[in-house]
Structure formats: structure tokens, C-alpha cells
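**Q** Start from the sequences, fold in the hints, and give me the full structure.
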Amino acid sequence: MTSTVLLCSGGLDSTAVAHMIRPSVVLFVDHGQNALNAERRASQSAAHDVGASFDEQRVHLRAVQLGETAGGTALPDSPTPEWFPFRNQLLITVAAIVAASAGAQRIAIGITADDRIRHLDGSAEFVENIGRLVKRQERGMEVVAPAIDLEATELIERSGIDERSARMSFSCHRADLACGRCSSCVKRAAALDAVYRRGQPST
Numbered sequence: 001m002t003s004t005v006l007l008c009s010g011g012l013d014s015t016a017v018a019h020m021i022r023p024s025v026v027l028f029v030d031h032g033q034n035a036l037n038a039e040r041r042a043s044q045s046a047a048h049d050v051g052a053s054f055d056e057q058r059v060h061l062r063a064v065q066l067g068e069t070a071g072g073t074a075l076p077d078s079p080t081p082e083w084f085p086f087r088n089q090l091l092i093t094v095a096a097i098v099a100a101s102a103g104a105q106r107i108a109i110g111i112t113a114d115d116r117i118r119h120l121d122g123s124a125e126f127v128e129n130i131g132r133l134v135k136r137q138e139r140g141m142e143v144v145a146p147a148i149d150l151e152a153t154e155l156i157e158r159s160g161i162d163e164r165s166a167r168m169s170f171s172c173h174r175a176d177l178a179c180g181r182c183s184s185c186v187k188r189a190a191a192l193d194a195v196y197r198r199g200q201p202s203t
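Residue 72 in this note's numbering sits at position 72 of the sequence shown; the count goes up by one each step and never skips.
Bear in mind the hints are in silico, worked out from the structure with no lab data behind them.
A virtual CB, placed ideally from N, CA and C, is assigned to each residue, including glycine.
There's no promise every hint is true.
Claimed, not checked - Now the in silico label distances, taken between C-beta atoms and shown as ranges:
#  : residue 1 : residue 2 : range
1  : R132      : R181      : 35 to 43 Å
2  : S183      : E154      : 14 to 22 Å
3  : D149      : S183      : 19 to 27 Å
4  : D193      : S53       : 30 to 38 Å
5  : L133      : A190      : 16 to 24 Å
6  : P85       : Q137      : 32 to 40 Å
7  : R41       : R158      : 41 to 49 Å
8  : S101      : A194      : 34 to 42 Å
9  : H60       : L120      : 20 to 28 Å
10 : R139      : E56       : 23 to 31 Å
11 : Y196      : Q137      : 36 to 44 Å
12 : E138      : A189      : 36 to 44 Å
13 : P85       : R22       : 13 to 21 Å
14 : R158      : A189      : 13 to 21 Å
**A** So, in C-alpha cells, the structure goes:
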């Protein structure tokens with residue numbers, strides 16, 4: 001079986017992807033984000049639930065980060081308040097280094113259909129291009145986005161994640177205690193309510 005490193009933020013999307021693909025390694029990157037501790041705990045929980053190894057790497061960019069994810073100032077033409085240009089490119093590069101050292105052949109990222117609409121680095125074109133670069137440089141290593149065509153509710157349902165594990169996820173741009181108001185908090189709450197309110201079985 002091809003071994004996979006999943007880049008995980010501890011959010012609902014990457015947690016559900018962990019349950020969907022059962023990676024060999026769940027990778028969490030400390031890059032100085034506001035919600036570091038909560039994201040780390042959620043990522044550790046996801047790794048435990050799917051029987052994956054947990055790896056954490058520290059690559060601090062606090063001094064240069066933009067957008068509300070790091071408490072920074074958004075650029076005037078930012079498409080969303082949390083936008084941090086080139087962040088996904090950086091995180092995938094870190095994941096590629098970890099995958100190479102672990103002998104893994106695949107890097108998975110938790111991009112969903114919503115990300116594809118909101119962010120250029122959440123698009124199929126971005127995944128294809130970064131994947132081509134990684135594959136060319138590192139002996140055929142793949143970059144995959146298993147949920148890129150799925151809305152959050154579809155991802156939850158298809159992943160087989162149980163309600164307890166889904167609610168252990170954490171999605172907030174602003175702090176370790178969820179604010180309930182940022183776009184990530186709102187998206188997570190809406191997806192959980194939509195799925196579990198209508199009786200999605202807890203397995």
C-alpha cells in the first residue's frame with residue numbers, strides 16, 4: 001500500500017480526510033498561527049483516531065504572515081480576511097520533506113470545493129501544478145486532494161467519520177478558543193449541524 005503523509009490543520013476538512021484515506025502519517029505544521037495549541041490537539045486526536053503516526057514540524061513565519069490567521073494585516077486586494085499568500089505552497093513543501101524522509105509516496109491535502117472557490121491555492125490548477133513540481137523533483141511523489149470536488153457536508157458523509165471525531169476538530173482563525181464568528185468557525189458549525197441534525201449515523 002502506498003504510504004501517505006496528510007497535511008493536517010486539525011480543522012474539520014483535514015480531519016475528515018484523515019478518516020477517508022487513513023494516512024500513515026498526520027503532519028501538523030507550527031508556523032506561528034493564532035490557534036496553534038487547539039489545532040495541534042485536534043491534529044493529534046485525528047492521528048490517534050485513524051491509527052496514524054503524528055509528526056509536528058516548526059517553521060515559524062510569524063514576522064511575515066498576513067491575514068487574521070496570524071493576527072496580521074490583510075493585503076488591500078485579499079480575497080478573504082484569512083488569506084496568507086503562498087502558505088499552502090510552503091506547507092506542501094514541508095510535507096514533501098517529511099514524506100521524503102519517511103519514504104512516503106504521497107502527500108494529501110484537505111482542500112474542498114469551498115476552498116477551490118475562495119482561494120487560488122485551493123484550486124485544481126494549483127494542486128496539479130504543485131503536484132507536477134513535487135513529482136518531478138522527488139522521484140514520482142504525488143500530491144493529492146481527495147476532497148477537492150466535495151462540499152464539507154459531502155466530505156463528512158463520505159469519509160465515515162463519527163460525530164465525536166468530527167466535533168474534536170478545530171477551525172478558528174483567531175484564537176485557541178473558537179470565536180464562533182470567523183469564516184472557519186461558521187463553516188464548521190454549519191457543516192456539523194447540517195450532517196448530524198439530519199441523523200447522519202455515528203459509527
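**Q** Within 41 to 49 Å: is that where the Cβ-Cβ distance between R41 and R158 falls?
**A** 25 Å, violated
**Q** Okay, L133 versus A190 on CB: inside 16 to 24 Å?
**A** 34 Å, violated
**Q** Within 14 to 22 Å: is that where the Cβ-Cβ distance between S183 and E154 falls?
**A** Distance hint for S183, E154 holds at roughly 19 Å.
**Q** Within 13 to 21 Å: is that where the Cβ-Cβ distance between R158 and A189 falls?
**A** 20 Å, holds
**Q** Can you let me know if the beta-carbon spacing of S101 and A194 is within 34 to 42 Å?
**A** 39 Å, holds
**Q** Mind checking the hinted window 30 to 38 Å against the Cβ distance between D193 and S53?
**A** Holds: the Cβ-Cβ distance is about 32 Å, inside 30 to 38 Å.
**Q** With respect to the beta-carbon atoms only, verify the hint that H60 and L120 lie 20 to 28 Å apart.
**A** Holds, since H60 and L120 (Cβ atoms, about 24 Å apart) stay within the stated range.
**Q** Please check whether E138 and A189 have a Cβ separation lying inside 36 to 44 Å.
**A** 38 Å, holds
**Q** The hint says 36 to 44 Å between Y196 and Q137; measuring C-beta to C-beta, is that right?
**A** About 42 Å separates the Cβ atoms of Y196 and Q137, which means 36 to 44 Å holds.
**Q** Taking 32 to 40 Å as the hint, is the beta-carbon distance of P85 and Q137 inside that range?
**A** Violated, since P85 and Q137 (Cβ atoms, about 22 Å apart) do not stay within the stated range.
**Q** For the range 19 to 27 Å, tell me whether the beta carbons of D149 and S183 fit it or not.
**A** Holds: the Cβ-Cβ distance is about 21 Å, inside 19 to 27 Å.
**Q** Holds or violated: the 13 to 21 Å window for the beta-carbon distance between P85 and R22?
**A** With a Cβ separation near 32 Å, P85 and R22 fall outside 13 to 21 Å, so the hint is violated.
Hint check: violations occur at hints 5, 6, 7 and 13; the rest are consistent with the structure.
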